[in-house]
Amino acid sequence: MFRSIRWTLQMWHAAILATVLVVFGWVVFYLMRVTTYQQIDANLDRMADLVAAGLRFSGGRQRRSFRQNDVVRPEPNVANRDGAANKAANDKGRDRAATDSKETAGNETARSVPAPQVTQGETPGLPGSQGRRGPPNFELNEDFPKFFEDELGTTAYFVLFLGDGHVLLKSTSAADVPLPELHPEPHAAPLRLVRQRGNLREIIYQRRRDYLLVGRSIESDVAALHERAWVLAGISAAVLAAGLIGGFWFSGRVIKPIATISATAAEISLSNLSRRIDVSGTETELTGLARTLNQMIDRLESAFSQQVRFTADASHELRTPLAVILSHAELALDKNRPANELRETIETCRRSALRMKTVVESLLTLARFDSGELQLECRPVDLSRIAGDCAALIRPLAEKRRITMELDLESAGLIADPDRMSQVVTNLLTNAIRYNHDDGRVVMTTRSSKSDVVLSISDTGIGIGPEHLPHIFERFYRVDKARSRKDGGIGLGLAICKSIVEAHGGQIAVTSSEQGGTQFEVRLPKRGALVAADARESEQGRLEPLAMSAKG
Amino acid sequence: MRILVVEDDPDLLFVIACTLREEGYAVDTAEDGDEGLFKATSWDYDAIVLDIMLPKLDGWSLLERLRRSKAVPVLILTAKDRVNDRVRGLDGGADDYLVKPFELTELRARLRALIRRAAGKSHPVIDVKGVVIDTRSRSVTRNGVEVELTAREYALVELLALHAGRLVTRTMIYEHLYGEDDDSLSNLVEVHVSNVRKKLGREFITTRRGHGYLVRI
Numbered sequence: 001m002f003r004s005i006r007w008t009l010q011m012w013h014a015a016i017l018a019t020v021l022v023v024f025g026w027v028v029f030y031l032m033r034v035t036t037y038q039q040i041d042a043n044l045d046r047m048a049d050l051v052a053a054g055l056r057f058s059g060g061r062q063r064r065s066f067r068q069n070d071v072v073r074p075e076p077n078v079a080n081r082d083g084a085a086n087k088a089a090n091d092k093g094r095d096r097a098a099t100d101s102k103e104t105a106g107n108e109t110a111r112s113v114p115a116p117q118v119t120q121g122e123t124p125g126l127p128g129s130q131g132r133r134g135p136p137n138f139e140l141n142e143d144f145p146k147f148f149e150d151e152l153g154t155t156a157y158f159v160l161f162l163g164d165g166h167v168l169l170k171s172t173s174a175a176d177v178p179l180p181e182l183h184p185e186p187h188a189a190p191l192r193l194v195r196q197r198g199n200l201r202e203i204i205y206q207r208r209r210d211y212l213l214v215g216r217s218i219e220s221d222v223a224a225l226h227e228r229a230w231v232l233a234g235i236s237a238a239v240l241a242a243g244l245i246g247g248f249w250f251s252g253r254v255i256k257p258i259a260t261i262s263a264t265a266a267e268i269s270l271s272n273l274s275r276r277i278d279v280s281g282t283e284t285e286l287t288g289l290a291r292t293l294n295q296m297i298d299r300l301e302s303a304f305s306q307q308v309r310f311t312a313d314a315s316h317e318l319r320t321p322l323a324v325i326l327s328h329a330e331l332a333l334d335k336n337r338p339a340n341e342l343r344e345t346i347e348t349c350r351r352s353a354l355r356m357k358t359v360v361e362s363l364l365t366l367a368r369f370d371s372g373e374l375q376l377e378c379r380p381v382d383l384s385r386i387a388g389d390c391a392a393l394i395r396p397l398a399e400k401r402r403i404t405m406e407l408d409l410e411s412a413g414l415i416a417d418p419d420r421m422s423q424v425v426t427n428l429l430t431n432a433i434r435y436n437h438d439d440g441r442v443v444m445t446t447r448s449s450k451s452d453v454v455l456s457i458s459d460t461g462i463g464i465g466p467e468h469l470p471h472i473f474e475r476f477y478r479v480d481k482a483r484s485r486k487d488g489g490i491g492l493g494l495a496i497c498k499s500i501v502e503a504h505g506g507q508i509a510v511t512s513s514e515q516g517g518t519q520f521e522v523r524l525p526k527r528g529a530l531v532a533a534d535a536r537e538s539e540q541g542r543l544e545p546l547a548m549s550a551k552g
Numbered sequence: 001m002r003i004l005v006v007e008d009d010p011d012l013l014f015v016i017a018c019t020l021r022e023e024g025y026a027v028d029t030a031e032d033g034d035e036g037l038f039k040a041t042s043w044d045y046d047a048i049v050l051d052i053m054l055p056k057l058d059g060w061s062l063l064e065r066l067r068r069s070k071a072v073p074v075l076i077l078t079a080k081d082r083v084n085d086r087v088r089g090l091d092g093g094a095d096d097y098l099v100k101p102f103e104l105t106e107l108r109a110r111l112r113a114l115i116r117r118a119a120g121k122s123h124p125v126i127d128v129k130g131v132v133i134d135t136r137s138r139s140v141t142r143n144g145v146e147v148e149l150t151a152r153e154y155a156l157v158e159l160l161a162l163h164a165g166r167l168v169t170r171t172m173i174y175e176h177l178y179g180e181d182d183d184s185l186s187n188l189v190e191v192h193v194s195n196v197r198k199k200l201g202r203e204f205i206t207t208r209r210g211h212g213y214l215v216r217i
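Going line by line, the protein sequences match chains A and B.
For the first sequence, the working numbering gives the first residue as 1, with consecutive numbering after it.
For the second sequence, the working numbering gives the first residue as 1, with consecutive numbering after it.
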C-alpha cells in the first residue's frame, strides 16, 4: 500500500511542505529574534541615556551648587524649582554637549535632550557631602540608584565605573555584576560593547575615562519570543496537517480514474471481452491511456474471437466425418445387411476417414507454420518449371470439365522450397478449376523482374463477391459452403498458400469480380526464403550476444 | 410419423434418413437451409432434425423463421458443442440438442420422446382399450398377445393412438405416414386401415365417413 502512487505523492508532498514550513518558520523566528534583541538594545540605549543624564546633570548641577553655595542644600520642593532647574539643565546640557561633541559621537548630544525631564525630580535631597567623594571631575547623584530602581524595577541595573575597575556608582540590583576588563585607548572611537550573561543583556558605554554599564534581565522578552515561536510552530503544524489532508484528498481525486481503469481492466476476462473502459469526460493523459487500453482490448477480442471461430470450425470439420463413420458403422451393424450395402458403408467410411486425414494434415501444417517449426528446404529453383509440372498433373481434372489451360511461363529463378511452391501452385490451380464453369479457361503465367518473381493464375469462373474477398485467406472461410464441401474442399487451402508465401517473404493477392473471373497473384522475392531465414537467424543471433554481454 | 432431416453432409444425411426409415418413419431430407425452411413450413412434420452450419441459411435463422408459424418439435444435431451454442439453440426454440458425433440409437430415442411429448403422452407405452402400443420396441399387443404389424401399419396405429379420442383426417395420415419419395397411390390408406382392423379387431378404428378415422378411448 505504501508503495502506491498515492502514498508516494503524499510522502513527497509532506516532505516538501514540511521543508518549506520549517525554513519559513525558522526565517520568521530569526527575524523576530533579531527584532527583539534590537528592541532590547534600543531599550538599553535609552536606559543608558537616562542614567547618563540622571547622573551627569544631577552631578553637574550638584557640583555647581556645591561650589557656589557650600552649605545650601537643594530644596526638596520640585514644583517651585521647576522652571529654574529646567532652564539651568538646558543651559548645562548645551554646555556639555558643546564640550562632549569634541570627543564623543554625535548621538550623545541627541540622547541628552530628553534626559533633564526625568532627572529633575530626583536631584533634590542629594547630600552634597557624598558628591565630593568621587573623583574630582565627577559629581554623582547618589540618590539616582534608588530613583532608578523605583522607576525601572529590579530587573534593570547599571554600574558606573572607571577603567581601572573602580566602581563609582551602581544600582542596588547590580550587586554582583562582574566588570569587563577594558583597555581603553584614549584616542580610539568611543566604546559600545554589548554582552550577554545568561538571561542578562548588558551594554557598556565609554565616556572619556569612565564607563557606564547598563543591563537588564531579558527573561520576559525571551519568554515572549518563545511563546511566539510556539504559536508559529502551532500554525505551521496546522498548515502542514491541512496541506496533507488536502493533498491526500487531491491525490485521491487524481488517482481515481486510474483505479477505475484498473477495476474495469480487472473485470475484463476471456468470457467478458466486450467491456470497455469509460473514456467520456474531459480529455486528460489518463483518457489517452484508457483509449489505448481499449484499442488493445479490441485487438485482443478480435484475435480471440478469430481463435474461437477457428476452433469451432476445426471441430466441425473433424466431427462431421467422424459422425458419418460412427453412424454408418452403427447402421451397418444394426441388422444383417447384404454385401453390397456393407461395401457402400465401408466406402463411405473410408471417404470420411480420408477427409479427416486431409483436415488433420492441413491443420498440422498450419500449426507448424504458426509455431515456426516448419523448416523450408530452400534451394535455387525455377518457378516456371514447377508451375509447368503442376499443370501437367492437374490437366486431367481440367479436361474432365473441358476447361482449357493456357500457360505462359517465363523462366523465373528464385530460392525457395520446391515442394511448398508446388503445393501453392496446385492449390491455386485446383481452385481455379473447381470454381470454374464447364468449358472455362485457366491462364497461368510466370514473370521475372529484377528482384521479384510473379506467378499469376486467373480463371473465368464464378468470381468472388467483394464481401468475401477480405476473408478468403482466413482458415475455414468458404464462400459457398455447399459447393466447396461437395468438391472436397475443406477451407484451408488458401490459408496454407498464404502461410507458405509469407514464409518465403512474399505476398499473395486476389482480385475478382462477381461477373466472373478471379485472379490470384503471388509475388516472391528472388532471395525471399533466404532473406526471411536471415531475418529469423539474426533475430536469434541478436538475442544470444545480448545474453552473453549481459553475463559478461 | 414424418420427419424432416436438414443436413448438408450427404453421407450423414443418407445414414440418418436410412435409420429413420428403417424405424418406420416417413423421412424428408433437405441439404441446405433454404430448402429445409421451405419444406418445414410447407408440411406438418412430427419432428425436424436440424444441423446448424448449413449453406445458404444457417440453422439459427431457419429455426427462428420456422418458429414464427410452426410449433413442430426440433432436434438440433450439430458439431457445435459449446454450452453457449446449446443454450442458444434451446432458447431459440429447439426442443432437444445432440452433438456430433452421436449414436443412432440415441438419436432415435430422442426423436421418439419428442414426438410423444408433442402428442401430450410422456409415457412410452400407450394403452387403448386392451391394445398396448410400446413406442420403445415399436410393438403392439392385444389382450397380452403380440400382434405382428408392418412398419406402415405400426405407424398408422401409433398415429391414431397418439391422437386417441380425436379425429385423424386422411390428409393427416398421408402427411404423417408418407415421405416425399413415397408413391401415395400405391399406399392407399384404406388398405392399411383394413389390415389393422383384421389384426386388432374391427371396433379398434372407427370410420367417420368423409372425414377420417378415430380411435375411441
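For the record, the hints were derived by calculation from the structure and aren't laboratory data.
Any given hint could be a false lead.
Claimed, not checked - Here are some of the chain B residues that sit facing chain A, going by a computed Cβ distance under 7 Å:
| id | residue |
| --- | --- |
| 1 | 9 |
| 2 | 15 |
| 3 | 34 |
Said to hold, decoys possible - Quick list of in silico lysine-lysine cross-link-like pairs, DSBU-like style, CA-CA up to 35 Å:
| id | chain 1 | residue 1 | chain 2 | residue 2 |
| --- | --- | --- | --- | --- |
| 4 | A | 146 | A | 170 |
| 5 | A | 335 | A | 357 |
| 6 | A | 335 | B | 121 |
| 7 | B | 129 | B | 70 |
| 8 | B | 39 | B | 56 |
| 9 | B | 56 | B | 70 |
| 10 | B | 199 | A | 335 |
| 11 | B | 70 | B | 121 |
| 12 | B | 121 | B | 198 |
| 13 | B | 121 | A | 400 |
| 14 | B | 39 | A | 335 |
| 15 | B | 199 | B | 129 |
| 16 | B | 121 | B | 39 |
| 17 | B | 198 | A | 335 |
| 18 | B | 129 | A | 335 |
| 19 | B | 129 | B | 56 |
| 20 | A | 357 | A | 400 |
| 21 | A | 357 | B | 56 |
| 22 | B | 121 | B | 199 |
| 23 | B | 70 | B | 39 |
What the hints assert, rightly or not - Just some of the chain A residues that point at chain B, by a computed CB distance under 7 Å:
| id | residue |
| --- | --- |
| 24 | 225 |
| 25 | 226 |
| 26 | 228 |
| 27 | 316 |
On a predicted model such as this, the values are computed, not experimentally measured, just so you know.
Cβ coordinates follow ideal geometry from the N, Cα and C atoms, glycine included.
Status of the hints after comparison with the structure:
1. For residue 9 of chain B, the interface hint holds, since its Cβ comes within 7 Å of a Cβ in chain A; the closest pair sits about 5 Å apart.
2. The interface hint given for residue 15 of chain B holds, since its Cβ lies 4 Å from the closest Cβ of chain A, which is under the 7 Å cut-off.
3. Given hint, residue 34 of chain B at the interface with chain A, is violated; its Cβ is 10 Å from that chain's nearest Cβ, farther than 7 Å.
4. Distance restraint check for residue 146 of chain A and residue 170 of chain A: the Cα-Cα separation of roughly 10 Å lies within the 35 Å cut-off, and the hinted pair is therefore satisfied.
5. For the proposed pair residue 335 of chain A and residue 357 of chain A, the alpha carbon gap of about 29 Å is at most 35 Å, so the pair holds.
6. Restraint check: the Cα-Cα separation between residue 335 of chain A and residue 121 of chain B comes to about 30 Å, which is no more than 35 Å; the hinted pair holds.
7. For the given pair, residue 129 of chain B sits about 32 Å from residue 70 of chain B by alpha-carbon distance, which is consistent with the 35 Å threshold.
8. For the hint pairing residue 39 of chain B with residue 56 of chain B, the CA-to-CA distance comes to about 15 Å; that is within 35 Å, so the pair holds.
9. About 21 Å separates the Cα atoms of residue 56 of chain B and residue 70 of chain B, which keeps this hinted pair within 35 Å; it holds.
10. Only pairs whose Cα atoms come within 35 Å are accepted, and residue 199 of chain B paired with residue 335 of chain A is accepted, the gap being roughly 26 Å.
11. Restraint check for residue 70 of chain B and residue 121 of chain B: the C-alpha separation of about 20 Å stays at or below 35 Å, so the hint holds.
12. Taking the CA atoms of residue 121 of chain B and residue 198 of chain B, the gap is near 26 Å; set against the 35 Å cutoff, the hint holds.
13. Of the supplied pair hints, the one linking residue 121 of chain B and residue 400 of chain A is violated, its CA atoms being roughly 56 Å apart against a limit of 35 Å.
14. A hinted pair counts as satisfied when its Cα atoms are at most 35 Å apart, and residue 39 of chain B with residue 335 of chain A qualifies at roughly 31 Å.
15. Between residue 199 of chain B and residue 129 of chain B, the direct Cα distance comes to roughly 14 Å. Compliance with the 35 Å bound is thereby established for this hinted pair.
16. The suggested pairing of residue 121 of chain B with residue 39 of chain B holds, with an alpha-carbon distance near 26 Å, which does not exceed 35 Å.
17. At roughly 29 Å between alpha-carbon atoms, residue 198 of chain B and residue 335 of chain A fall within 35 Å of each other, so this suggested pair holds.
18. Restraint check for residue 129 of chain B and residue 335 of chain A: satisfied, since their Cα atoms lie roughly 33 Å apart, inside the 35 Å limit.
19. Between residue 129 of chain B and residue 56 of chain B, the direct Cα distance comes to roughly 49 Å. Violation of the 35 Å bound is thereby established for this hinted pair.
20. Pair hint residue 357 of chain A plus residue 400 of chain A holds up; C-alpha atoms about 26 Å apart against a cutoff of 35 Å.
21. Our distance criterion of 35 Å between C-alpha atoms is met by residue 357 of chain A and residue 56 of chain B, whose separation comes to about 27 Å.
22. Using a Cα cut-off of 35 Å, the hinted pair residue 121 of chain B and residue 199 of chain B holds, with the two alpha carbons roughly 24 Å apart.
23. Distance restraint check for residue 70 of chain B and residue 39 of chain B: the Cα-Cα separation of roughly 12 Å lies within the 35 Å cut-off, and the hinted pair is therefore satisfied.
24. Nearest Cβ of chain B to the Cβ of residue 225 of chain A: about 81 Å, over the 7 Å cut. The hint is violated.
25. Residue-level restraint check for residue 226 of chain A is violated (minimum Cβ-Cβ distance to chain B is 78 Å; threshold 7 Å).
26. Using the Cβ-Cβ criterion of 7 Å, the hint placing residue 228 of chain A at the interface with chain B is not satisfied: the shortest such distance is roughly 76 Å.
27. For residue 316 of chain A, the shortest C-beta to C-beta distance to chain B is roughly 4 Å, which falls under 7 Å, so the interface hint holds.
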